[in-house]
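**Q** These are the residues of each chain, in order.
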Amino acid sequence: MLIIPCPYCGARPENEFRYAGEAHIARPADPEALSDAAWADFLYMRTNPKGRHAERWRHVHGCGRFFNCVRDTVTDRIERTYPAGTAP
Amino acid sequence: MKFSLRTLFTQGLAGQSGWPEQWRSPEPRAAYDVIIVGGGGHGLATAYYLAAELGVRNVAVLEKGWLGGGNTGRNTTIIRSNYLWDESAAIYDHAVKLWEGLAQELNYNVMYSPRGVMMLAHTIHDQQVFKRHVHANRLNGIDNEWLTPEQAQAFCPPLNIGKNVRYPITGAALQRRGGTARHDAVAWGYARGASTRGVDIIQNCEVTGIERNVAGAVTGVTTTRGRIGAQKVGVVAAGHTSVLMAMAGVRMPLESFPLQALVSEPVKPVFPCVVMSNTIHAYISQSDKGELVIGAGTDAYTSYSQTGALHIAEHTLDAICEMFPMFRRMRMLRNWGGIVDVTPDRSPIIGHTPVPGLFVNCGWGTGGFKATPGSGHVFAHTIAHDRPHPIAAPFTLERFTTGRLIDEAAAAAVAH
Ligand SMILES: Cc1cc2nc3c(=O)[nH]c(=O)nc-3n(C[C@H](O)[C@H](O)[C@H](O)COP(=O)(O)OP(=O)(O)OC[C@H]3O[C@@H](n4cnc5c(N)ncnc54)[C@H](O)[C@@H]3O)c2cc1C
Ligand SMILES: [Zn+2]
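Residue numbers (our numbering), protein chains in the order written: chain B, 1 to 88; chain Y, 1 to 416.
Excised from the complex, chain B in its bound form (with noise of 0.2 Å):
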């Protein structure tokens, strides 16, 4: 079980918080001008890495906020966290 830093209660258990993917996907300001193969990459296309990846996570058990948590996807090492909207 990982233990998370949540920016604003500090670490808890893993089992508090809700995985909620890839971060720094933005909506598309305006999707009737985007193509379908811009949609999909918005919609499905995920960078999986190996390696460093940035992801959100919601403290469902506890502020109720998400968050954002650069994680190292081979040892699962949490390098840091930081609030949602901010640049990793």
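These are calculated hints, taken from the structure and not from any lab test.
The beta carbon of each residue, even a glycine, is placed where N, CA and C say it ideally should be.
Hints should not be assumed to be uniformly reliable.
Sample of chain B residues facing chain Y (criterion: CB under 8 Å; computed from the structure) [said to hold, decoys possible]: (1) L34; (2) A37; (3) K50; (4) A87.
A short list of chain B residues far from chain Y (calculated; beta carbon distances all over 10 Å) [claimed, not checked]: (5) R27; (6) D30; (7) R46; (8) G85.
Chain B is fixed; fit chain Y with the ligands onto it per the hints.
**A** The following block gives chain Y with the ligands in isolation, referenced to the frame of chain B:
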């Protein structure tokens, strides 16, 4: 050497010392017509059918570790074809039909055992979903039947159908043709069959790059054992597909999650079939060695760590103990994880990529062992003819752009 009663007997007298190696381990050649990246069941089956059915023999399978060391050798070996949609029914049942004759075809005992796969319902929602599957399957000519709790217990006596549990069993869907097979034997049998027909099987050879010419077409791969040229490259790398495709600049609709399984100490035969429960996240069968083979769910987050978290296994064992109280005092011997490649619609991706000469077969996620023969068969045709086999056609990468997804979330559910 052909396996037969006679060779078994004479080898027995000779102290089992005269068996030849089952496949050749040559040095890589400078170039091949087709390179398959990934020596799991699907990659080896692809190479086998290329050589055996399509006359494409100048083929190499490159494996970074050892054959079947990926998900092929780590899975709980459940085989069934009771998926919802016509497209899925076609490919999974194509596989089941090949399983039925596979040991004969390969002259290798893959221990296919159609002992029946029973999927438990615990809620009204489960019942509705499974009954829908039963009807859809029967329209596709695939056996699947609905059982009452009493009938389910008659089929699997250890099952607790009491009402005094958190999720009482309200019924079950049974596919009698479903069952299990021996995972290593599947990899080895295909490897042996491919090797005899001229395919080079090269282990300890990690692909580190995909080479392309100015037109963008594939010309070969770079590996830890040097450069190897190829006209066509088929990536069959399960959890590592995103990493390999990134070498050719292709983004994939995949996420890699750890999925784990565990086995108990071996005991006498007590468990006659395969039982799965998607709702409470557990599935179980008994191997011929006597171990209970138990599958758990995936971890919540993507990872390449090849280990699952302990709380996931604990949750599964809670469920097993509730469904089968007689296993409460069993001890678990080993647990392990594999990295599964999950697609948004829980269906595989088979076929062309935007890069000429580059093919991919992936996205089997938590449930691709059952499809091994069918997957290899249709992928071999797709590569050899440079156009999708009819059964593979709906499973191309393009479906994520056209929107024609094949949603099997209910059939693939947890895992298996
Ligand atoms: C715990 C667990 C339980 C499961 N239970 C079931 C089940 O009951 N029923 C079922 O149908 N399915 C099940 N599955 C899923 C099933 O195991 C897989 O879908 C299937 O085995 C995939 O086969 P494959 O040949 O595509 O992949 P793999 O067997 O993983 O083969 C891919 C190979 O590619 C190699 N590779 C990766 N990168 C490179 C590189 N750069 N260069 C060279 N080689 C590379 C890997 O080493 C690996 O050997 C389970 C999976 C797990 C992990
Ligand atoms: Zn918090």
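**Q** Hint by hint, say whether it matches the structure.
**A** Tested hints:
Interface hint at B/L34: violated, since its Cβ lies 12 Å from the closest Cβ of chain Y, which is beyond the 8 Å cut-off. Annotation: B/A37 was flagged as interfacial toward chain Y, and the flag holds, the nearest CB pair being 6 Å apart, inside 8 Å. The beta carbon of B/K50 is positioned within 8 Å of a beta carbon in chain Y (closest approach about 5 Å), and the interface hint is therefore held. For B/A87, the interface hint is violated, the least distance from its beta-carbon to any beta-carbon of chain Y being 21 Å, above 8 Å.
Residue placement check: B/R27 keeps its beta carbon more than 10 Å from all beta carbons of chain Y (closest about 16 Å). With a minimum CB-CB distance of about 19 Å to chain Y, B/D30 clears the 10 Å threshold, and the non-interface call stands. Some Cβ of chain Y comes within 10 Å of the Cβ of B/R46; the nearest lies about 5 Å off, and the non-interface call is violated. No Cβ of chain Y comes within 10 Å of the Cβ of B/G85; the nearest lies about 21 Å off, and the non-interface call holds.
The structure shown violates the earlier hints numbered 1, 4 and 7.
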